[in-house]
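Listed in order, the protein sequences are those of chains Z and U.
The first sequence begins at 1 in UniProt numbering and counts up by one.
The second sequence begins at 1 in UniProt numbering and counts up by one.
The set of hints was computed from the structure by calculation and includes no laboratory data.
Check each hint, because a few of them may be wrong.
Copies of the same chain are indistinguishable here, so a pair counts whether it falls within one copy or spans any two.
What the hints assert, rightly or not - With a cut-off of at most 25 angstroms between alpha-carbon atoms, the simulated PhoX-like pairs for lysine-lysine come out as follows:
no., residue 1, residue 2
1, Lys264, Lys217
2, Lys255, Lys408
3, Lys217, Lys3
4, Lys180, Lys159
5, Lys111, Lys76
6, Lys13, Lys111
7, Lys40, Lys172
8, Lys217, Lys53
9, Lys111, Lys40
10, Lys264, Lys3
These numbers come from a predicted model, not from an experiment.
If you want the building blocks of each chain, they are given just below.
Protein chains: 2
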Amino acid sequence: MNKDIFMDLLQAKEYKAVRSILNVMNAVDIASLLSEMEDKELFLAFRLIPKEKAADVFAEMDSTMQAYLVEMFTEKELREILDDLYMDDTVDMLEEFPANLVTRILENVSKEKRDKINVILNYPEDSAGSIMTTEYVDLRRNTTVAAAMNHIKRIGIHKETIYTCYILENRKLVGIVSAKDLMTMDDNMTMDELMETEIISVHTHTDKEEVARLFSKYALLALPVLDDDERMVGIVTVDDAMDVMVDEATEDITKMAAMNPSEKPYFDTSVWQHAKNRIPWLLFLMLSATITGSIITRYQDAFSALPLLVSFIPMLMDTGGNCGSQSSTLIIRGIALDEVHFSDIFRVMFKEFRISIIVGAFLALANIIRIYLVYDHNLLMSMSVGLSLLATIVIAKLIGCILPLLAKQVHLDPAIMASPLITTLVDTCSIIIYFNIATRLLL
Amino acid sequence: MNKDIFMDLLQAKEYKAVRSILNVMNAVDIASLLSEMEDKELFLAFRLIPKEKAADVFAEMDSTMQAYLVEMFTEKELREILDDLYMDDTVDMLEEFPANLVTRILENVSKEKRDKINVILNYPEDSAGSIMTTEYVDLRRNTTVAAAMNHIKRIGIHKETIYTCYILENRKLVGIVSAKDLMTMDDNMTMDELMETEIISVHTHTDKEEVARLFSKYALLALPVLDDDERMVGIVTVDDAMDVMVDEATEDITKMAAMNPSEKPYFDTSVWQHAKNRIPWLLFLMLSATITGSIITRYQDAFSALPLLVSFIPMLMDTGGNCGSQSSTLIIRGIALDEVHFSDIFRVMFKEFRISIIVGAFLALANIIRIYLVYDHNLLMSMSVGLSLLATIVIAKLIGCILPLLAKQVHLDPAIMASPLITTLVDTCSIIIYFNIATRLLL
């Protein structure tokens, strides 16, 4: 939908046309269209959205827009939206809202819903509990397919996902039945006969990254969440799991480039916030790099006597850093995808060692030939650089693969052991190796 | 399930126990259990899997195991598996198989299926067509809810997803109806009354990354795929979209660390393959770094006269590289998530410029104070380093944000414009800036 056309219609008070446009658009696109409007127009346009779609659009908006609308709503409008809003979207909204709006909202929901909201708000930030919703279809063992279909017809419209039904006994989960089974199996079969009993589930405190991994591993549409007494309290749906996946990848990538992750997209983060996210790591890495610098001064005599030595420093440092970050990146990603574990550390080291010998030999040879040809057949010089490079690459790859695994083991995020930190460490090693070999062979 | 117990039962020929274990396990876990077995046991165990689950397990196996089984199967067994295998899984398997096995399989499917397979095999590798499946539920405009439910009951069990039904007219897609609608709406309503007509769809040649983005944006369970004549030819399901998402993030992360991405997990890639994936970029970057080295030799007189100058090179190079990769990383990720576009280039540059001034001023000041205190109150020396650092950071952040956007614009993968390449470029800049400032202020 073209924004300008829409705005023209709105300003010309062509509400009937506006309404029919909103009628065919989907909720995500309406929310994105509204996000470009001024507050006043936003409120006007929101009121023109068909009633059955309003809550869906509301759920897709960012919290600033939601807050503005909540302030403008009459009590009746607010209650209507809250009635249609799923539990997980309600909680997401409350987590971002100022206290006065939270109070206003809690006053306008039923006691039962208020209690549920308060429980969910108390789950840790990155847990399954914090992203679950409490709407799901629960059935009994002796329910028949026909009865289940009737039940869903009556209440299903209010449930976020009806495609997996949960069979409960004393609030404990004993089996699951898919809507596909209900739609294709004989009317008289009971849940007891149909249900799968090997159930994949998580607890309220399970990390949401683990939740996303289960969705991807088992191709799930929904995942039941149990409390500490193994009673079923909610479900996580696949759309939320996908959001977690994207967010976690972004967070890892950001950390791997030595930044504190931002929760908002690039343009929505202020210049100051960007600077604040970037300075701490830069400062730490800068101070670490001065160590390398002060080590260089120790070899002052060497490069005063042979200034050419200095010119190979960037190549050695960069190549070492690149080799180290190649290894650390693969291991960090392997850990994130649950493919590499701490117990594999010796297997990883042995593999990286062999790779580093191949890579190192190849690059060292290329350097030896280049330097021998360029610098008047100076064999000793070319050998010094070549040997230093080989040693640097072996050490870089070992550091690169060990550190993320160690970080994981001591419950640090492996992603911080990426390129920048590895580069700084490898720099120091490569300088020491280089000058030791060079002074011995050349001076 | 514990592998050892399972193996003991299998070797003791306790087939009844093995069968009941396999009966309750889910397909993903069975496939992972089988992956740890020897070929002979694998074949034996596979034959004990309950018939209705065998194709699901087969689809979850890697292509080496699949190839072994296909070789061992009788014609009858092969045909049974192929009948139950979804089209997308069949095509995935064929893409990895040697020619003789492909022939054997194509001989054992119906002509109709063979034609479909050949069409899908011809779609470009990373396209929607290559990951779609051809099984879906199609209905007519005048079908009623009751008739639709009956239709699904009859044929639905063979369709990969029945939760979105597609209303076709002359093979063109005119609307979609969700299973939720079918289950909750009145039996006598027709599809025409129920269907949504604002349909999100892709074409066979749409990039699969774009497909994954649509799933995440619109929280879809399935997405219809149309051919060039706008006729519906298949659907992509959410589980495949999730796989694409994970793979694409891994691919980006790998490329950002200057490696050619591997299609297999870390341990499944051979040492030689790892080395081959890493050497080309290292070689290219190494040769680029020698440029920085040869620039340094131009300033030989400067650091022969003042050797201390050399000791600040690592700090300047590392900080410049880190600043540049922070910016490039955020922009690369922003492009991947469709949040940043080439048209934003001036907005991005202005933002990064302001951030770099804040970050640069802060880090430069920290350096000026440190050097002033450490090196006998040498104000000129500390100012040279500080100024060089500020200039390096501004240039690094601008290079870091511009290059990924330019890459995108000329249809290169922005991910290659990450840390390693940026670092090498920024190194050269920082060395030139540094020695120019230092020679002017200090010599």
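Verification of the hints:
1. Lys264 - Lys217: Between copies only: 16 angstroms across chains, 28 angstroms inside a chain, cut-off 25 angstroms.
2. Lys255 - Lys408: This pair counts as both: shortest intra-copy Cα distance 14 angstroms, inter-copy 23 angstroms.
3. Lys217 - Lys3: For lysine 217 and lysine 3, the Cα distance is within 25 angstroms only across copies (19 angstroms; inside one copy 40 angstroms).
4. Lys180 - Lys159: both (17 angstroms within a copy, 10 angstroms between copies)
5. Lys111 - Lys76: within (17 angstroms within a copy, 61 angstroms between copies)
6. Lys13 - Lys111: Answer is neither; intra-copy 40 angstroms and inter-copy 59 angstroms both fail.
7. Lys40 - Lys172: neither (49 angstroms within a copy, 41 angstroms between copies)
8. Lys217 - Lys53: Cα proximity of lysine 217 and lysine 53: across copies only (17 angstroms, versus 33 angstroms in one copy).
9. Lys111 - Lys40: neither (33 angstroms within a copy, 62 angstroms between copies)
10. Lys264 - Lys3: within (24 angstroms within a copy, 44 angstroms between copies)
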